[in-house]
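Trainee: Each chain is listed here by its residues.
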Amino acid sequence: MNKIYGEGETVVHAVKDVSFSVKKGELLLIVGSSGSGKSTLLNMIGLLDRPTNGKILIDGIDTTNLKDDALSSFRNSRLGFVFQFSNLLSDLTVLENVLLPKKIQQNDDATDDAMKLLRTVGLEKEIHKRANKISGGQAQRVAIARALINKPLIVLADEPTGNLDSVNAETIVQLMKSMAEKLGQAFIIVTHERDQFGKVDRVITIKDGRAFEGEEPRRMEVTV
Amino acid sequence: MDYRAHLAKRMLMNKKGSLIGAVLAVSIGILVIHVNFVIFQGLYDAIVRDMKAYRFGDVYVTDESGYITKSDIALANWFERIPYVEAAAPRLDSSADINATKYGKKHEKFGVPVVGVDPFRDIRTSTIYTTVGDGQFVFARNSIVLGSIIARDLGGLQVGDDVELTFVNRWGEDQIHRFVVSGITTSAGGQGFDFSVIVHIDTLRSILDRTDETGAIMVKLNDPSKATDVKDLFLRSFPTDDFKAETIEESAESTLRGFRSGIALINLIGYFGMTSSAFAIVTIQMMIVSSKTREIGVMRAIGAKRKDILLLFIFQGIIIGAIGAAAGTALGLVYTAYAKETKLEFEGSLALEVTYNWSKIGQTALTSFALAIAASIYPAYRATKLQPMEAMRTV
Numbered sequence: 000m001n002k003i004y005g006e007g008e009t010v011v012h013a014v015k016d017v018s019f020s021v022k023k024g025e026l027l028l029i030v031g032s033s034g035s036g037k038s039t040l041l042n043m044i045g046l047l048d049r050p051t052n053g054k055i056l057i058d059g060i061d062t063t064n065l066k067d068d069a070l071s072s073f074r075n076s077r078l079g080f081v082f083q084f085s086n087l088l089s090d091l092t093v094l095e096n097v098l099l100p101k102k103i104q105q106n107d108d109a110t111d112d113a114m115k116l117l118r119t120v121g122l123e124k125e126i127h128k129r130a131n132k133i134s135g136g137q138a139q140r141v142a143i144a145r146a147l148i149n150k151p152l153i154v155l156a157d158e159p160t161g162n163l164d165s166v167n168a169e170t171i172v173q174l175m176k177s178m179a180e181k182l183g184q185a186f187i188i189v190t191h192e193r194d195q196f197g198k199v200d201r202v203i204t205i206k207d208g209r210a211f212e213g214e215e216p217r218r219m220e221v222t223v
Numbered sequence: 000m001d002y003r004a005h006l007a008k009r010m011l012m013n014k015k016g017s018l019i020g021a022v023l024a025v026s027i028g029i030l031v032i033h034v035n036f037v038i039f040q041g042l043y044d045a046i047v048r049d050m051k052a053y054r055f056g057d058v059y060v061t062d063e064s065g066y067i068t069k070s071d072i073a074l075a076n077w078f079e080r081i082p083y084v085e086a087a088a089p090r091l092d093s094s095a096d097i098n099a100t101k102y103g104k105k106h107e108k109f110g111v112p113v114v115g116v117d118p119f120r121d122i123r124t125s126t127i128y129t130t131v132g133d134g135q136f137v138f139a140r141n142s143i144v145l146g147s148i149i150a151r152d153l154g155g156l157q158v159g160d161d162v163e164l165t166f167v168n169r170w171g172e173d174q175i176h177r178f179v180v181s182g183i184t185t186s187a188g189g190q191g192f193d194f195s196v197i198v199h200i201d202t203l204r205s206i207l208d209r210t211d212e213t214g215a216i217m218v219k220l221n222d223p224s225k226a227t228d229v230k231d232l233f234l235r236s237f238p239t240d241d242f243k244a245e246t247i248e249e250s251a252e253s254t255l256r257g258f259r260s261g262i263a264l265i266n267l268i269g270y271f272g273m274t275s276s277a278f279a280i281v282t283i284q285m286m287i288v289s290s291k292t293r294e295i296g297v298m299r300a301i302g303a304k305r306k307d308i309l310l311l312f313i314f315q316g317i318i319i320g321a322i323g324a325a326a327g328t329a330l331g332l333v334y335t336a337y338a339k340e341t342k343l344e345f346e347g348s349l350a351l352e353v354t355y356n357w358s359k360i361g362q363t364a365l366t367s368f369a370l371a372i373a374a375s376i377y378p379a380y381r382a383t384k385l386q387p388m389e390a391m392r393t394v
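Going down the list, the sequences are from chains B and Z. Numbering that gives the first Met the number 0 numbers the first residue of the first sequence as 0 and each following residue consecutively. Numbering that gives the first Met the number 0 numbers the first residue of the second sequence as 0 and each following residue consecutively.
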């Protein structure tokens with residue numbers, strides 16, 4: 000797929016001929032310097048942005064032509080998001096934030112699942128706190144729980160440790176790795192802090208919008 | 000509770016300034032309508048009340064030819080046999096020139112309206128006798144009650160003073176008659192007899208040489224809602240006479256027509272005020288949408304559809320409308336109760352006739368509630384247009 004912004008002389012080719020696949024349970028790291036196009040790529044995989052051309056197939060479904068409502072439903076049921084700034088809803092409590100993706104599905108019967116996830120991320124005692132009353136590290140753990148509540152196929156994390164100190168960053172990394180291992184969901188994590196993640200299943204490097212398999216800028220083989 | 004309603008409530012509760020501003024906008028809009036209603040409808044109703052109480056009763060009977068020639072006692076008795084009728088009384092109108100000498104100086108007034116009343120029937124039918132603040136009503140044949148303005152213009156006449164009235168009788172002859180002032184009548188609002196004089200009807204008949212003739216019969220009902228029934232029954236019962244019977248609404252029509260247009264205009268201004276409140280809500284909600292851009296983006300990212308965002312902000316409109324309508328109506332009712340209890344008047348003018356018009360109160364509350372919801376549609380629509388990616392860039 001490709002992503003091109005602007006026209007004529009101001010054209011920016013943010014993502015160029017990128018093609019790869021991710022397996023269930025795989026923890027894939029997308030690395031690259033600032034402005035390399037890795038976040039743009041993640042946003043397209045997360046169906047938050049559309050590619051200029053190309054296709055994104057998730058669970059065998061071509062998402063390219065899905066209408067807005069169908070895209071929303073698709074994101075809700077099959078994708079989980081963890082953002083750099085946790086992006087919790089400050090008006091809701093920790094528990095309500097985790098339950099939000101379920102509530103969007105009109106499912107009011109997920110409190111037990113949410114509690115289980117919050118226990119896993121070590122926040123069972125903070126459930127009634129407003130989201131803006133917890134620390135950045137805690138907020139990021141809540142965001143992970145929220146991303147997992149609907150048991151998505153893929154969890155997409157954009158610089159999940161970018162706003163955290165080293166201790167909290169380490170906690171988040173370990174949490175995501177253990178979740179990927181335990182729950183069998185694919186994790187695609189965009190980061191420029193490669194070292195924080197240690198050993199992962201796979202690494203893709205983005206440079207100038209192009210994707211390279213591994214940690215060296217080596218041209219990937221196009222598979223689709 | 001629906002999660003969108005719950006979130007809408009939380010968002011508003013955490014933006015108390017915006018919530019208070021929007022609720023105040025709705026409440027003040029309603030309060031303006033209530034105040035307008037209490038003052039202008041109160042004034043209108045007070046005029047109708049006094050016209051009814053002093054001049055026309057619930058049903059007012061006249062004769063197309065000018066004078067009723069049937070016995071006033073017979074007609075009054077006929078009316079009083081109807082269960083809805085409390086009392087009926089005859090009236091006879093004329094005019095006279097008046098002069099009086101006070102402290103050696105002669106004062107004159109020309110063309111003063113004279114109202115002839117049967118005092119014993121009139122005090123059951125009309126409350127004009129209650130406006131006689133000084134002295135008593137015209138129970139004696141040679142007594143006269145002066146309107147306060149007439150008494151003042153005649154040099155400050157008081158009870159016990161003499162006045163001389165010059166009438167023109169039915170044959171065109173001058174008839175001079177002396178009266179003793181038995182009372183002075185004062186009333187607020189111009190519907191009383193401050194500019195007239197009241198005499199005994201039999202004295203007036205005798206002066207005018209209109210024995211057994213009556214100008215009008217005013218009928219007071221114990222159930223004013225039956226006025227049309229009583230009127231129709233009367234007209235059906237006397238088909239061969241030239242009687243004309245009118246309910247108070249018909250009698251007062253010419254006086255009140257202009258006033259009604261004024262009230263309609265004032266109400267219109269009130270509703271414009273309410274519409275301004277709606278614009279205030281649009282502005283406040285646009286500010287809320289703007290401050291919640293990132294949250295909207297997050298919600299969209301995790302799967303909320305455009306309609307969910309739309310509903311979220313419409314729920315905010317519903318909450319603002321409901322609280323604003325309740326608060327505005329409560330404030331309006333407090334003001335109405337105050338006006339009613341204190342018989343509100345402005346600098347000695349007519350005391351307002353304050354009523355609780357529940358259909359109007361409900362209609363005002365519903366209109367402002369609906370306006371608040373309508374006002375939230377545009378901000379809600381704008382919120383749905385935010386793309387998750389763009390929205391989340393707002394940190």
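Treat the hints as calculated values from the structure; they're not laboratory data. Keep in mind that the hints are not guaranteed to be accurate.
Take a look, some chain B residues computed to stay more than 10 Å from chain Z by CB distance [stated by the list, open to error]:
| hint | residue |
| --- | --- |
| 1 | Glu8 |
| 2 | Thr9 |
| 3 | Leu27 |
| 4 | Gly45 |
| 5 | Asp68 |
| 6 | Ser71 |
| 7 | Leu91 |
| 8 | Pro100 |
| 9 | Lys102 |
| 10 | Gly136 |
Distance condition first, Cα-Cα at most 20 Å in a straight line; then the derived EDC-like pairs of lysine to aspartate or glutamate [said to hold, decoys possible]:
| hint | chain 1 | residue 1 | chain 2 | residue 2 |
| --- | --- | --- | --- | --- |
| 11 | Z | Lys384 | B | Asp194 |
| 12 | Z | Lys384 | B | Asp68 |
| 13 | Z | Lys304 | B | Asp16 |
| 14 | Z | Lys304 | B | Glu8 |
Sample of chain B residues lacking proximity to chain Z, with all beta carbon distances greater than 12 Å (derived) [stated by the list, open to error]:
| hint | residue |
| --- | --- |
| 15 | Gly53 |
| 16 | Arg129 |
| 17 | Thr170 |
Heads up, the beta-carbon is just placed ideally off N, CA and C, and yes, glycines get one too.
Trainee: Going by Cβ atoms, does B/Arg129 stay more than 12 Å from chain Z at every point?
Mentor: With a cut-off of 12 Å, B/Arg129 comes too close to chain Z, as the shortest Cβ separation is near 9 Å.
Trainee: Per the stated criterion, does the least C-beta distance between B/Leu91 and chain Z lie above 10 Å, as a non-interface residue requires?
Mentor: Incorrect as stated: the minimum Cβ-Cβ distance to chain Z is 6 Å, not above 10 Å.
Trainee: Check whether the Cα positions of Z/Lys384 and B/Asp68 lie no farther apart than 20 Å.
Mentor: holds, 13 Å
Trainee: According to the definition I'm using, a residue is off the interface if its beta carbon is farther than 10 Å from all beta carbons of the partner; does B/Thr9 meet that for chain Z?
Mentor: holds, 18 Å
Trainee: Straight-line Cα separation of Z/Lys304 and B/Asp16 no greater than 20 Å?
Mentor: violated, 30 Å
Trainee: Would B/Thr170 pass as off the interface with chain Z, using Cβ distances and a cut of 12 Å?
Mentor: Given a closest Cβ separation of 22 Å, the condition holds.
Trainee: For the pair supplied as a hint, Z/Lys384 and B/Asp194, confirm whether the alpha-carbon distance does not exceed 20 Å.
Mentor: violated, 39 Å
Trainee: Hint check: Z/Lys304 vs B/Glu8, CA-CA at most 20 Å. Holds or violated?
Mentor: Violated - the C-alpha atoms of B/Glu8 and Z/Lys304 are around 36 Å apart, more than 20 Å.
Trainee: Far enough from chain Z: is every CB of that chain over 10 Å from the CB of B/Gly45?
Mentor: violated, 7 Å
Trainee: Run the C-beta distances from B/Leu27 to all of chain Z and say if the shortest one exceeds 10 Å.
Mentor: holds, 20 Å
Trainee: Please check whether the beta-carbon of B/Lys102 is more than 10 Å away from every beta-carbon in chain Z.
Mentor: With a cut-off of 10 Å, B/Lys102 comes too close to chain Z, as the shortest Cβ separation is near 4 Å.
Trainee: For B/Pro100, is the shortest beta carbon distance to chain Z beyond 10 Å?
Mentor: B/Pro100 not clear of chain Z: closest Cβ-Cβ about 5 Å, inside 10 Å.
Checked against the numbered hints given earlier, the structure breaks hints 4, 5, 6, 7, 8, 9, 11, 13, 14 and 16 and satisfies all the rest.
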